[in-house]
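K.L.:
All chains, please: the whole structure from these sequences, using the hints.
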Amino acid sequence: MPQPILIAVAWPYAQGPRHIGHVAGFGVPADILARYHRLCGNRVLMVSGTDEHGTPITVAADREGVDPQVIVDRYSQVIAEDLRRLGLSYDCFTRTTTRLHAEVVQDLFLTLLAKGYVFRQATMGAFAASTGRTLPDRYIEGTCPHCGHRGARGDQCEACGRQLDPSDLIDPRSLIDGQPPVFRETEHFFLDLPQFAAPLRQWIEAQTHWRPNVRSFSLNLLDELRPRAYTRDIGWGVAIPLPEFAERSDKRIYVWFDAVVGYLSASVEWARAEATPEAWRDFWQNPAARHYYVMGKDNIVFHTIIWPSMLLGYGSGGEFGGGPERPALELPDDIVSSEFLTMESRKFSSSRGVGILVGDFLDRYDPDPLRYYLCAAGPESQDTDFTWAEFVRRNNDELVATWGNLVNRTCSLAQRHFGAVPALGEPQPADRSVLEAVAAGYGVVGGLIASAHLKSALGEAMALAAQVNQYLGEQEPWRVVTRDRDRAATILNVALTCVDNLKVLLAPFLPFSSEQVHRQLGHEGVLTGAPHFAEHPDGGGRSHRVLTGEYGAGVGRWTWQTLTVGQPLLAPQPLYKKLDPSVVDDELRRMGLEPA
RNA sequence: UGCGGCGUGGAGCAGUGGCAGCUCGUCGGGCUCAUAACCCGAAGGUCCCGAGUUCGAAUCUCGGCGCCGCAACCA
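If you're matching positions, the first sequence starts at 4 in this note's numbering and goes up one per residue.
Accuracy of the hints is not assured; some may be wrong.
[Unchecked claim] Within a straight-line C-alpha distance of at most 25 angstroms, the following computed DMTMM-like cross-link-like pairs (lysine to aspartate or glutamate) qualify:
1) Lys300 <-> Glu190
2) Lys300 <-> Glu208
3) Lys118 <-> Asp195
4) Lys300 <-> Glu393
5) Lys118 <-> Asp226
6) Lys254 <-> Glu322
7) Lys581 <-> Asp336
8) Lys300 <-> Asp158
9) Lys580 <-> Glu322
10) Lys254 <-> Asp158
11) Lys254 <-> Glu67
12) Lys118 <-> Glu322
13) Lys581 <-> Glu463
14) Lys118 <-> Glu227
15) Lys254 <-> Asp195
16) Lys300 <-> Glu342
17) Lys118 <-> Glu190
18) Lys580 <-> Glu277
19) Lys254 <-> Glu144
20) Lys254 <-> Asp110
21) Lys118 <-> Glu106
22) Lys254 <-> Glu463
23) Lys458 <-> Asp369
24) Lys254 <-> Asp168
25) Lys580 <-> Glu84
26) Lys300 <-> Glu188
27) Lys458 <-> Glu393
28) Lys118 <-> Glu333
29) Lys458 <-> Asp388
30) Lys254 <-> Glu188
31) Lys581 <-> Glu342
32) Lys581 <-> Asp363
33) Lys254 <-> Glu106
34) Lys580 <-> Glu347
35) Lys581 <-> Asp388
36) Lys254 <-> Asp70
37) Lys458 <-> Asp400
38) Lys300 <-> Glu227
39) Lys300 <-> Asp336
40) Lys458 <-> Glu518
Treat the hints as calculated values from the structure; they're not laboratory data.
P.N.:
What follows is the structure in structure tokens.
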């Protein structure tokens with residue numbers, strides 16, 4: 004029975020183009036899950052968008068002397084285009100600056116307020132002298148009172164590692180304007196997290212399938228849960244939906260509280276665009292639905308503590324939830340959090356120019372080799388280092404040599420000697436053995452993907468490709484064909500059938516090359532539709548661009564494929580480009596590093 | 001400072017108590033359909049160091065050393 008699967012993908016921040024570390028953490032893993040579940044026939048809703056509020060956007064805008072809207076309009080386009088080129092099959096990749104999103108955020112805010120989960124309180128805060136806006140701790144620098152380090156940040160000192168309060172710093176100054184910050188009292192709305200401590204603990208303790216670090220880290224946080232400010236003194240963000248704030252432009256809902264609501268608002272947006280405005284409920288108010296949240300590890304707290312608290316508090320909701328007669332919104336089922344990717348041994352950092360932008364990467368290399376690398380050697384369970392040497396090696400020695408070459412040699416032989424899918428004669432034990440191994444791959448690879456063991460899943464699929472290469476080596480169809488044409492036909496039928504099925508097993512990981520194999524074997528249609536842009540209306544005659552797709556139109560299915568004897572084969576084209584080792588030095592120089 | 005991770009043959013990793021494995025590279029052989037790709041075989045490791053528990057430890061405990069990450073007002 005088709006199961007509703009919500010894939011909630013972390014929202015990339017629209018401060019600038021994203022680098023490959025970002026898509027390693029949220030994009031590629033999420034897309035593998037989504038594509039797998041669609042092939043299984045499940046109803047998948049993969050949502051996300053650009054996260055467009057918050058202090059860094061306003062800083063970037065001030066620096067350029069433009070309105071924040073200019074910044075987010077620019078980078079939401081750039082980021083969405085990068086994700087499209089990578090083949091990430093979002094059903095709705097939207098933005099947090101839509102009118103609908105603000106309505107949903109405000110509905111949650113008001114509902115939590117009405118239920119007593121949000122309260123107002125005066126608090127001390129740091130402000131930028133020049134703009135009067137909230138100055139986040141990270142934007143304050145000064146001398147550490149403990150060790151005397153001069154570059155300590157407002158939240159911690161990198162030199163001695165101690166946690167700090169910005170008011171502790173000696174000689175503090177703002178990183179934005181260089182001025183000393185102003186400390187004064189301000190009133191904020193707070194989410195009363197301690198009210199959720201008991202239900203959160205009960206829920207998290209039951210999530211024994213979570214990765215151990217996610218679960219223990221989250222349980223740890225519960226011990227010292229404190230109310231958390233829901234608002235900031237800033238003019239850029241979702242407005243506070245209370246009459247007294249209607250005319251005020253100096254206080255907004257905090258960017259993170261609005262960003263996580265995006266999972267819900269994007270689902271509503273998707274449903275409306277499909278002309279089935281209630282369809283989102285099948286994912287959110289349906290206990291049979293499964294919710295995967297995919298992110299980098301720096302986001303765990305927002306997905307295991309804060310967003311679940313908001314969902315628990317909202318319950319069956321206000322305006323969007325539909326009230327007491329509806330079931331409560333579902334909590335996350337799987338928290339798929341990645342570790343970090345470093346770049347040639349250095350931490351990715353947009354501000355320090357360390358990193359490889361997704362767009363730049365795709366200008367020079369194809370998407371599947373990048374997807375392959377990020378899954379096979381990415382930060383699934385521990386921090387990993389991206390190196391160009393390893394990228395070239397993975398591409399040439401694994402992707403090209405094992406899978407690309409298997410497809411190429413099989414198709415070349417079959418095409419040359421038969422021109423079409425040859426007839427299967429009486430199978431021998433070796434034939435049965437390899438067919439059974441590939442057939443078993445559906446269960447093995449699928450089970451690993453569903454439990455988010457993506458690296459192992461890919462490894463299993465590649466091992467099957469290696470096994471088929473081995474089969475060809477033993478059967479030697481190129482030699483057999485000269486003396487026993489029927490036997491050669493059988494061998495090639497078996498090998499082609501294996502390739503046809505491996506194409507499905509690899510499709511979640513390598514969608515572009517699987518489509519190519521599909522065409523090469525003479526099949527009609529596409530395995531899965533490709534993501535494309537569309538305009539969604541947003542009320543008041545406005546509209547915005549989203550990334551979406553008609554993925555259900557594809558013919559791909561996660562089940563055994565049988566080839567039609569006599570189906571014409573196309574002349575084979577190599578699936579992947581072998582990379583010259585010189586690209587390693589070229590890329591290192593491009594990054595300003597000395598080749599080894 | 002707290003929490004956590006990592007340290008296994010040249011590279012990247014798996015392996016949580018019982019003869020040390022995988023992919024790649026290297027060397028030798030085979031094959032020649034295939035993008036010098038494919039197949040077979042071999043060499044190569046004091047499993048970071050020290051102590052302990054145990055019949056037995058890469059695996060458990062304690063103590064070191066080294067590297068890395070996170071710490072909820074960066075997003």
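K.L.:
Given the hinted pair Lys254 and Glu144, is their Cα-Cα distance within 25 angstroms?
P.N.:
holds, 24 angstroms
K.L.:
Straight-line Cα separation of Lys254 and Glu188 no greater than 25 angstroms?
P.N.:
Roughly 14 angstroms between the alpha carbons, so the hint for Lys254 and Glu188 holds.
K.L.:
Can you confirm whether the C-alpha distance between Lys254 and Asp110 stays at or below 25 angstroms?
P.N.:
holds, 17 angstroms
K.L.:
Does the structure keep Lys458 and Asp388 at a Cα separation of 25 angstroms or less?
P.N.:
holds, 15 angstroms
K.L.:
With the threshold set at 25 angstroms, check whether the alpha-carbon distance from Lys300 to Glu227 stays at or below it.
P.N.:
holds, 20 angstroms
K.L.:
Taken at face value, is the distance from the CA of Glu347 to the CA of Lys580 at most 25 angstroms?
P.N.:
holds, 23 angstroms
K.L.:
Under the criterion that the straight-line Cα-Cα distance not exceed 25 angstroms, is the pair Lys254, Glu322 satisfied?
P.N.:
holds, 23 angstroms
K.L.:
For the pair we were handed, Lys580 and Glu322, check the Cα-Cα distance against 25 angstroms.
P.N.:
violated, 53 angstroms
K.L.:
Within 25 angstroms, alpha carbon to alpha carbon, are Lys118 and Glu227?
P.N.:
The hint holds at about 23 angstroms.
K.L.:
For the pair supplied as a hint, Lys300 and Glu393, is the alpha-carbon distance within the 25 angstroms limit?
P.N.:
OK: Lys300 and Glu393 at ~23 angstroms, within 25 angstroms.
K.L.:
Could you grab the alpha-carbon distance between Lys581 and Glu342 and see if it respects the 25 angstroms cut-off?
P.N.:
violated, 29 angstroms
K.L.:
Would you mind confirming whether the straight-line C-alpha gap from Lys580 to Glu84 stays at or under 25 angstroms?
P.N.:
This hinted pair holds, its Cα atoms lying about 23 angstroms apart.
Hint check: violations occur at hints 1, 7, 9, 18, 22, 26, 31; the rest are consistent with the structure.
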